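Q: Spelled out, the chains give:
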Amino acid sequence: MNGKHIMFQKMSQLMDNDIATEEEKNSILDHIQSCDQCRREYARLQEMMKLFAGIRKNDRLRADLSGSVVKEYLSRKRKKSFFKIMPAVAAAVVFILAFGLNSYWQGGRHTSRIASSSLSVAPANDTSKVVDIISRNNAKILKVTDLYIEGEVSGGSFKRLRKELGFRRFRMHLYGEKAGLRRILLKKSGLSPIKRIWMPKRMEIPREQSGSGYIKNNYSAFHYRFYFEAELSNSSVLIIKPPHTPLELYSEDICASSS
Amino acid sequence: MSNTEDIKNIEKVLAGDIEAFTPIIKKYQDMVFRYVYSKFNNYDEALDITQDIFIMAIEALKSFRGESKFSTWLYSIMINYCKNYRKKQNRFSLVSMNSSKDEDEYDIQYPDERERPEDEVIMNDSLRIMKEEIQNLPDDYRDILILRDIDGLSYNDISDTLGINLSNVKVRIHRGRELLKNRLYERGLI
Numbered sequence: 000m001n002g003k004h005i006m007f008q009k010m011s012q013l014m015d016n017d018i019a020t021e022e023e024k025n026s027i028l029d030h031i032q033s034c035d036q037c038r039r040e041y042a043r044l045q046e047m048m049k050l051f052a053g054i055r056k057n058d059r060l061r062a063d064l065s066g067s068v069v070k071e072y073l074s075r076k077r078k079k080s081f082f083k084i085m086p087a088v089a090a091a092v093v094f095i096l097a098f099g100l101n102s103y104w105q106g107g108r109h110t111s112r113i114a115s116s117s118l119s120v121a122p123a124n125d126t127s128k129v130v131d132i133i134s135r136n137n138a139k140i141l142k143v144t145d146l147y148i149e150g151e152v153s154g155g156s157f158k159r160l161r162k163e164l165g166f167r168r169f170r171m172h173l174y175g176e177k178a179g180l181r182r183i184l185l186k187k188s189g190l191s192p193i194k195r196i197w198m199p200k201r202m203e204i205p206r207e208q209s210g211s212g213y214i215k216n217n218y219s220a221f222h223y224r225f226y227f228e229a230e231l232s233n234s235s236v237l238i239i240k241p242p243h244t245p246l247e248l249y250s251e252d253i254c255a256s257s258s
Numbered sequence: 000m001s002n003t004e005d006i007k008n009i010e011k012v013l014a015g016d017i018e019a020f021t022p023i024i025k026k027y028q029d030m031v032f033r034y035v036y037s038k039f040n041n042y043d044e045a046l047d048i049t050q051d052i053f054i055m056a057i058e059a060l061k062s063f064r065g066e067s068k069f070s071t072w073l074y075s076i077m078i079n080y081c082k083n084y085r086k087k088q089n090r091f092s093l094v095s096m097n098s099s100k101d102e103d104e105y106d107i108q109y110p111d112e113r114e115r116p117e118d119e120v121i122m123n124d125s126l127r128i129m130k131e132e133i134q135n136l137p138d139d140y141r142d143i144l145i146l147r148d149i150d151g152l153s154y155n156d157i158s159d160t161l162g163i164n165l166s167n168v169k170v171r172i173h174r175g176r177e178l179l180k181n182r183l184y185e186r187g188l189i
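In order, the protein sequence lines correspond to chains H and V.
All letters in the first sequence, in the order written, are residues 0 to 258 by numbering that gives the first Met the number 0.
All letters in the second sequence, in the order written, are residues 0 to 189 by numbering that gives the first Met the number 0.
It should be emphasised that the hints constitute simulated quantities derived from the structure, not laboratory data.
Computed from a prediction, not measured in an experiment: that's the story for all the values here.
Positions of the beta carbon are idealized from the N, C-alpha and C atoms, including for glycine.
Please note that the accuracy of each hint is not assured.
Unchecked claim - Restraint-style ranges between C-beta atoms, simulated for each label pair:
#  : chain 1 : residue 1 : chain 2 : residue 2 : range
1  : H       : 82        : V       : 164       : 37 to 45 Å
2  : H       : 74        : V       : 164       : 37 to 45 Å
3  : V       : 88        : H       : 95        : 39 to 47 Å
4  : V       : 25        : H       : 74        : 14 to 22 Å
5  : V       : 3         : H       : 93        : 45 to 53 Å
6  : V       : 16        : H       : 61        : 24 to 32 Å
7  : H       : 21        : V       : 7         : 34 to 42 Å
8  : V       : 162       : H       : 99        : 50 to 58 Å
9  : V       : 7         : H       : 71        : 17 to 25 Å
10 : H       : 95        : V       : 134       : 51 to 59 Å
11 : V       : 65        : H       : 45        : 33 to 41 Å
12 : H       : 60        : V       : 134       : 14 to 22 Å
13 : V       : 1         : H       : 52        : 23 to 31 Å
Stated by the list, open to error - Calculated pairs, DSSO-like style, for lysine-lysine (alpha carbon to alpha carbon, straight line, at most 27 Å):
#  : chain 1 : residue 1 : chain 2 : residue 2
14 : V       : 26        : H       : 70
15 : V       : 25        : H       : 70
16 : H       : 56        : V       : 169
17 : H       : 70        : V       : 87
Unchecked claim - Just so you have them, the derived chain H footprint on chain V, three or more residues with Cβ under 8 Å:
#  : segment
18 : 9–22
19 : 177–187
Bound-form chain H, shown alone (with noise of 0.2 Å):
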C-alpha cells in the first residue's frame, strides 16, 4: 500500500493467495471494501481472471492426441532408422559406381585387351571342364578351338555325353563306320545291311538338332559314331564345319561293298 490506495502488486498477490500474512491480507481486503478506486481496479483484476478462465475452458484439445503422437513418432523413427543407413548405402553405391565406371573406362581404352582376355580366360574354364566331360565319356576329341569342340564318340556313351554337357549347345552328325562290322552286326540282327543303311538317310542325317531323337532310335547298336561339336558355353556363334565324310558316300561304299 503506498499510503492511500493498495499497489496493482499487492491486488495480484492477493488474487494468487500470495500475501505474506493474514493480517494483512485482512487489511487490504478491508481497503477494497472502502476504497470506490481500488475496488474498480480490484475487480478489473478480478475480470481479467474470469477471461483468463474463460479462454482455459475454451481452448481445449477436441481429440485425444495419445493415438497420432505414438503413431507419428514411430512413423517419423522408421523414417530415421531409414535415413540412418543411407550414408552406407550411398558410399556403397558411389564406390560400386566408382569401381563400375573404372572399369568401364578401362574397358574403353584397352577392349581389344579385355575382350581376348575374355575369349581366353572364360572359353579355357569351360574349354577344360568340356574336355573332362568329353574324355569321361569315352569321346574322341579332334578338334579344340575357342567356340566349340570337336570330336566323336560312340553311340553307347553318346547319350550320357549329351547329358553332361547339360545348357551347352550341341551339333552333331551321324556317320556309320567300319562297314565290316556293321555288315556283320547287321547280318546277326537279320537286316539287311542296305536296308539299315538307308536307314538314316531316312532320317535325314546328318542334321541339327539335340541328340536325343536319335539316342531314342538305339544307334549304339549299329556302332554308328556321333561327329558332334560342343559350344562352349561363351560362344554366341556356333561353326558348322562340314562332315568329315559324306554319309552319301559313306553309304555307297556300304552299299557297295555288301553287294
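Since the structure of chain H is already known, use the hints to place chain V on it.
A: Then chain V, alone, in the frame of chain H:
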C-alpha cells in the same frame, strides 16, 4: 497421475513400451495445447505443434534424469519449441492480405475456427479481444501469464520451467497482469 506415475511410465517407454507414453500425453495434452494455442492463436497450427512437442519429448526422454518433475521438463521442451517455431515463422513471415498503411490500423490474427465443429462454443468477443491483447504483450509477460493464468502452473513450476528465480517470476506475473489489465481497460473490455 503423480510425478511418480509419470516416472514409472517413462521407465516403461525407455524399456521399449512406447504405448506407456499414452497416459502421459492424455495428462498433459490440454495443458500443452492451451499454451501453444494461446501463443499462436490458430487451432490447426496449435494441434500440429502440440503433437510435435510430444514427439520431441519421446525422442528426448533419455535425457530426462528425474532431477525435476516431468511436467517441468515437458514445459521446458514446450517453451523452447514454441520459441524456435516463432523464430522460424518470423524468418518466413506472411504478408497479410488486408494490411493497411494507416498508422492507427493494425492486423489482427483471428483464431482459425474452420475445422471446429459447429456445435462447439464459439469464442465470444471478450475472449477474442483478450487473446489479441495477450498476443500483443511482450514475450516475457505473455509466456509467464499463459503458464500461470491459463495453464495454472505454480510459481515454483514456472521458475523451474523458465529457469528464472522465484521473485522474478512473481514480478513478471504482476507486471504482466497490470499491463494486460490496462490494455483491456483501454479497449473497454473490463
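Q: Sort out which numbered hints this structure fails and list those numbers smallest first.
A: none
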